[in-house]
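Chain B: place on chain A using the hints.
Protein chains in written order, with the numbering used here: chain A, 8 to 204; chain B, 8 to 204.
Hint data in this document are derived by calculation from the structure and do not stem from the laboratory. Certain hints may be false.
[To be verified] The calculated DSS-like cross-link candidates involving lysine-lysine, where the alpha carbons are at most 30 Å apart (straight line), are:
(1) A/LYS129 with A/LYS82
(2) B/LYS54 with B/LYS10
(3) A/LYS54 with B/LYS204
(4) B/LYS204 with B/LYS32
(5) A/LYS82 with A/LYS54
(6) A/LYS32 with A/LYS54
(7) B/LYS82 with B/LYS129
(8) A/LYS32 with A/LYS82
(9) B/LYS204 with B/LYS12
(10) B/LYS129 with A/LYS204
(11) B/LYS54 with A/LYS204
(12) B/LYS204 with A/LYS32
[Claimed, not checked] Rough simulated footprint, nothing fancy, chain A against chain B, three-plus residues with beta-carbon under 8 Å:
(13) 16-26
(14) 180-188
Heads up, the beta-carbon is just placed ideally off N, CA and C, and yes, glycines get one too.
2 protein chains.
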Amino acid sequence: MSKVKCGIAVSVDNCVAGHNMTEAKPFGDMPTNLLHRWMFDEPEQHKAELAALTDAGAYIMGRNMFGPSGGEYDKTWQGWWGDEPPYHAPVFVLTRTPREPIVMQGGTTFTFVTDGIESALKQARAAAGERDVSIAGGANVVNQYLAAGLIDELWLHIVPVIYGDGKRLFEGVGMTNLEILDVRSTPMVTHVRYEVK
Amino acid sequence: MSKVKCGIAVSVDNCVAGHNMTEAKPFGDMPTNLLHRWMFDEPEQHKAELAALTDAGAYIMGRNMFGPSGGEYDKTWQGWWGDEPPYHAPVFVLTRTPREPIVMQGGTTFTFVTDGIESALKQARAAAGERDVSIAGGANVVNQYLAAGLIDELWLHIVPVIYGDGKRLFEGVGMTNLEILDVRSTPMVTHVRYEVK
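Chain A with its partners taken away, still in its complex shape (with noise of 0.2 Å):
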């Protein structure tokens, strides 16, 4: 059967992004390579993880990370991935903000979900068929789906930074066992890959 993956860059103390994200400030404040050097400096170390960040038959992400909310980007605003989003593939994006969907070149079409994480899951596996889902963030997304228990794998990369105050993975998140499944580094990025028992 497909699995529902979540692969996410993060700090040490599990920061995915800064607060008061902007049009202009994607990771909010946070400087927007710090978590993301290593996938422009070495891509060629990491090809295993980055492709699956683009391998899943579908997508999921919260409202926050498809764009800056607030009325006057609702309308026009169409994604921070330009013409062709590197998806190819149904994203739904879950929001409290009906809006029709928009389908963008080169397969990725973007799906508004209002009615929850798991309509938003059944939406996406329904699309994926057989392929793999991806909970592709942001932290408050992936924190529901873990909470709800609907993550099979988690494959952290995690950035030798201490961030300090940011979007923070597992708030909220009670007990759960992982397992490990793989382990690896480079200087700018230990990936580790664990199955959510």
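Just chain B, lined up with the frame of chain A:
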């Protein structure tokens, strides 16, 4: 020059113990062996990490690591570790309540320091001579030394469990760059050794 090191077992969400510690529950609400089972179940696979926990020339710990707080313990409690604690060296206990030093068997002495982390470190450095100083725990003390930029090396032993709510490493620690020195893993624990920049 000797270094200030900290090696500590944490959950994936950076908890080192649960809340509500008592004499019967040294790790509070957290099961005692949750983060430390690897030490007892497969010690031969973690020789370097275990040796590092007890190879310093002096140790610093918080009053809550030394034992449960409260009036009835203050005068008679001699730590969790029996007549011959595993430190075999001077241990400086950060506390608000003055107390005479305790001399244990095997070279461990507990000296109570009431004038703060810098004083404790100064005393520990003097006692350690050319050997390293170890910040033994708990979370609050490690966080104070990290926030003050006084730790040179941090060795995290990351156990594959999300604990959910407990005494957490990195709280109150601001942005801090680390350098990955070494990463290795067994199915029970991932060791990541960082230099603190």
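Status of each hint after checking the structure:
no.: 1; hint: A/LYS129 with A/LYS82; verdict: holds (25 Å)
no.: 2; hint: B/LYS54 with B/LYS10; verdict: holds (20 Å)
no.: 3; hint: A/LYS54 with B/LYS204; verdict: holds (28 Å)
no.: 4; hint: B/LYS204 with B/LYS32; verdict: violated (36 Å)
no.: 5; hint: A/LYS82 with A/LYS54; verdict: violated (36 Å)
no.: 6; hint: A/LYS32 with A/LYS54; verdict: holds (27 Å)
no.: 7; hint: B/LYS82 with B/LYS129; verdict: holds (25 Å)
no.: 8; hint: A/LYS32 with A/LYS82; verdict: holds (20 Å)
no.: 9; hint: B/LYS204 with B/LYS12; verdict: holds (13 Å)
no.: 10; hint: B/LYS129 with A/LYS204; verdict: violated (45 Å)
no.: 11; hint: B/LYS54 with A/LYS204; verdict: holds (28 Å)
no.: 12; hint: B/LYS204 with A/LYS32; verdict: holds (26 Å)
no.: 13; hint: 16-26; verdict: holds (count 3)
no.: 14; hint: 180-188; verdict: holds (count 8)
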